[in-house]
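Taken in order, these protein sequences are the chains called A and B.
The numbering used here puts the first residue of the first sequence at 1093, with every later residue one more than the last.
The numbering used here puts the first residue of the second sequence at 184, with every later residue one more than the last.
These are computed hints drawn from the structure, not numbers from a lab.
These numbers come from a predicted model, not from an experiment.
The C-beta atom is built at its ideal place from N, Cα and C for all residues, glycine as well.
If a hint is listed, it holds; no wrong ones were tucked in.
Negatives, chain A to chain B, calculated, CB over 10 Å:
#, residue
1, M1423
2, M1459
3, A1548
4, F1589
5, A1735
6, N1748
7, K1846
8, L1943
9, D1985
10, K2022
With a straight-line cut-off of 30 Å between C-alpha atoms, the simulated DSS-like cross-links for lysine-lysine are:
#, chain 1, residue 1, chain 2, residue 2
11, B, K236, A, K1187
12, B, K236, A, K1371
13, B, K236, A, K1181
14, A, K1781, A, K1743
15, A, K2022, A, K2049
16, A, K2022, A, K1846
17, A, K1813, A, K2022
18, A, K2049, A, K1858
19, A, K1834, A, K1823
Quick list of simulated restraints, FRET-style, between CB atoms:
#, chain 1, residue 1, chain 2, residue 2, range
20, B, K209, A, R1119, 51 to 57 Å
21, B, I207, A, W1250, 48 to 54 Å
22, A, R1833, B, D187, 35 to 41 Å
23, A, I1385, B, I188, 25 to 31 Å
24, A, W1250, B, D187, 48 to 54 Å
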Amino acid sequence: MFSSWVLLVIIFAYLLLLFSAAYIAERKESQGRSLAANPYVYALSLAVYCTSWTFYGSVGKAASSGLSFLTIYIGPTLMAALWWVVLRKIVLLSKEHRITTISDFVASRYGKSLGLSALVTLVAVIGITPYLGLQLKAIMTTFSILSGRPEGGHVAGWFISLLLGVFAVIFGARRLDASERHGGLVFAVAFESAIKLLAFLAVGLFVIYGLFDGFGDIMARLAASSRVPDSVMQLGEGSAVSFLEWTSLTFLSMMAILFLPRQFHVAVVENYSTRHIRKAMWLFPLYLFLINIFVLPIAYGGLLLGGAPESADYFVLSIPLTQGYPILALMAFIGGFSAATAMVIVESLALSTMMMNSFVMPALWGMKGMKGFHAVILNTKRLLIIGCVFLGYVFAVYIGEFYSLVDMGLKSFEAVTIFAPALLLGLFWKGGNRKGAIAGIAAGFAVWIYTLLIPALMRAGIIHKGGALEAVFSSTLLNPTALFGLQGLDRWSHSLFWGMFLNLLFFVGVSLFTRQSETETRQAIIFVDSFSPAHFEPHRRPRSVAEIEGLLEQYLGPSESREAIDGFLARHGLTRTSVAGEHLGLLRDEAERILSGALGPSISSLVFQEKGVLSPGEQTQLSESVRRISTNLRLSRQDLAEANRQLALLKEFSENIIESIPLGVATFDESLRVTSWNMAMALITGVEKADALESDAGSLFTCMEPRIFSPGFHEGEVTCKRQFDPPLLLKGYISRLTGARKGYVLVFEDVTDKRKIEEELFRATKHASIGRLAAGVSHEIGNPLASISSLVQELQQEEGSAFLKSSLATINQQVARIARIVRNLGDFARIYQRQRVPTSLQDILENTLDLVRYDRNFKKIKIATDVRDIPRLTIDPDQMQQVFLNIVLNARDAMPDGGSLSISVQRVDGQVEMVFSDTGQGIAPDVRDKIFDPFFSTKGPNRGTGLGLSICYSIIKDHGGTIDIEPAAGGGTRFIIKIPIEK
Amino acid sequence: MRRDIWFFLFLIGAALFSWPLISIFKTSIIPYLFIVWLLFIMLIRVFVALSEKEEGDR
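Could you put the whole structure together from the sequences, leaning on the hints where they help?
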């Protein structure tokens, strides 16, 4: 045991050590050699999370309720894995906007709403004060245990509360710029984290190896003892903690590590670099692991040594004390004291800043013109810090005795979890708005009060059961521990479920059905999309440096404002007289951020709105200009949208035209890669669009002759020789594209059919002209020739000399020849109308072959016929026979030394196709086009009139058919005649 | 490192410390929790090192 005075002196000495550590850290920081600006100190400062609840309460929980204490540390470990995404974003946003509390963060996200900030602060103060009291309760209780004087605890608690308040004021509120980091405070907190870890490990090692023979020994004795029930060493069914409770507590602690005001303060406000977060992501969980590693041995050891589960909260202290190790007990007391004081100092600073920004500053707003206003603000804040500490003290003294450490801690965790939907969703969902956030937080807070606070106050006797309350609380629907009849949940899971359900429902629902203000929209974009507000901040033009300095001076005092201005000028290499234009705007933004740190963003925004740099007249003009610009912009947007729509329609229209035209169109970039390829081009070239796009043009037009991409080719005919199909005759045009997209456009027109038609037309015209001439000649010559022939035949009947007789015979012979020519001309000109009757082609063909079959010239020619099933055709049988005969006789003339003539007749696609194929000498390509011309003959003089094939051509054309000639496969010639079948 | 990676890591941890996985180790839950906890911290350390290396490479 230690006397109270000795303990107080030790406490005072420890606090002096803490003051010294903080003071040295601040000195070093002012010299530019910050002790706090390193990741290890940052990670240790985060361990302010481990309060007296951890130091004492975890052991108590492990001894009485099993393993659920681990959730309080596993939750933050899990959340640490997301810090690089979530915490880093919060830190960057907070630094940019000089946000110093969680209430300001939430308020800033939802349009710098003062009401929302006040609501968050209210929830935090009501939710956290019991937690603050819990620390002071732990200090007082352990003081009593160590001094052996229960009555001394309250006095010591009062004294210690005062000292802690002073410490927080000195290192946390010496100046008003709350956004400035407190290197001394952070270092002191980190120092305390190291002390409490060492103290706890020392007690743990003492219990395991000093009182027992290792952890195995403890477990062996446990197995043999009945002092520790199995239920505290298990999870789930049959244990002290269900899986649902385990999950709920893990979730609560995940939220607590982000949203407890003190955690926000050390993790966000006191962060020196976002790189430190990365180190803390594993160092802080490692700290949690180490400080918990001996919790179970101490708890089980304490129980085995005869300790009662109800007093297990203080096993860490009582075991060394009862086992006769007072120095170790003192060390444990210092460890627990460190855990509690660090929390009290940081939490009171954070809560006071929240109250200052949300309640006090708006209340003092009317006094802003008062001389020395900055001193009023600063001293009010100092009083608030001390007030927060003493509020906790009052709670610890008057209410704390009814609750365990863990109970009070978990209520605080539940309270701060209320911020989770608005804050976390607000970081990633732009749709959330102020009304939704207020509704959600209010709903969550109402559930927290009803399901956790009221039952707790009833248990403490502060709210008395009975009367109407009794009826309400014991009803099925409104039972605070089984709300709306939901039973079977532990109280933490029950409160968490209803709180989160209603919170989310109201937050999302109200946000979806209400509109955001412009400020809210802007803030939502800043918070969700970007870490920097630079693009969104309107450029306001302050009048002068002096005005900004005066503004800061009003709230921060002369030295602080001068320092802030000088710091800005030094950073930008400016002097007071050289600040102008953009720099003046930057200085104004800097000043707003500094004030935001001191007064909160809502008030800071108000200050700068009020200190508008425009006169009322200018403001009116500006408003009018903005209104006009907005109107014009709205109209422009409509015009732009309409133009865009028209452009899209035009584009679609053009594309449809290019796709549907029968011309092949392709475009190429400057390196001759295909950029577009229409359907006709795909048909012409046989290359599909998907294969052509992005391909090199050279690889796509290999069939073309001449080469279309050769220099000098702009327009001309090209032939595309295809492997299996007849060649195509194309007309190509290449032109250069100018404008933004340079390159080439190639247009192909397939003129194969057109050229064939042209040739047919030319031939038909020629035949018609010659036909008219032939008809005239036939008529004019035919009549006199008939007279001459009659007279010659008359004269031959008369007596005369042998010479006369011989001459008349010659004349008659030549006249007969002329008559034959004239008759042929008449046939060619078709001057004799013939009758067409349904006739069998097979019969005509057989008759024709019968005529020539016995001709001696056909002796050496083998004739083969292949006539398929064909219908009768309405034709002139004599003319058709003439056609067949002409072709057969031509074949004979082409095969003077013999050969074969094959004739096939078949039905093909609504036509009858007749093919005469000989094995003769063939027809030279250069005469093939002239073979149907009248009077054209390859047989030499006196061997034909050159009208035979012309007559055939005319007859077939007359029947609506076609006649073509082409080389036969094995040499020779093929005549192909096609005559349509009449329907 | 993409932020999905951190969410992936978080989900691994959440699964390891939640029902039904922890119910599998019901009989040896204490060693399971402490071993998995330490391994998860080491996993975070590895991911942090990877992200630092990636940043250094850039």
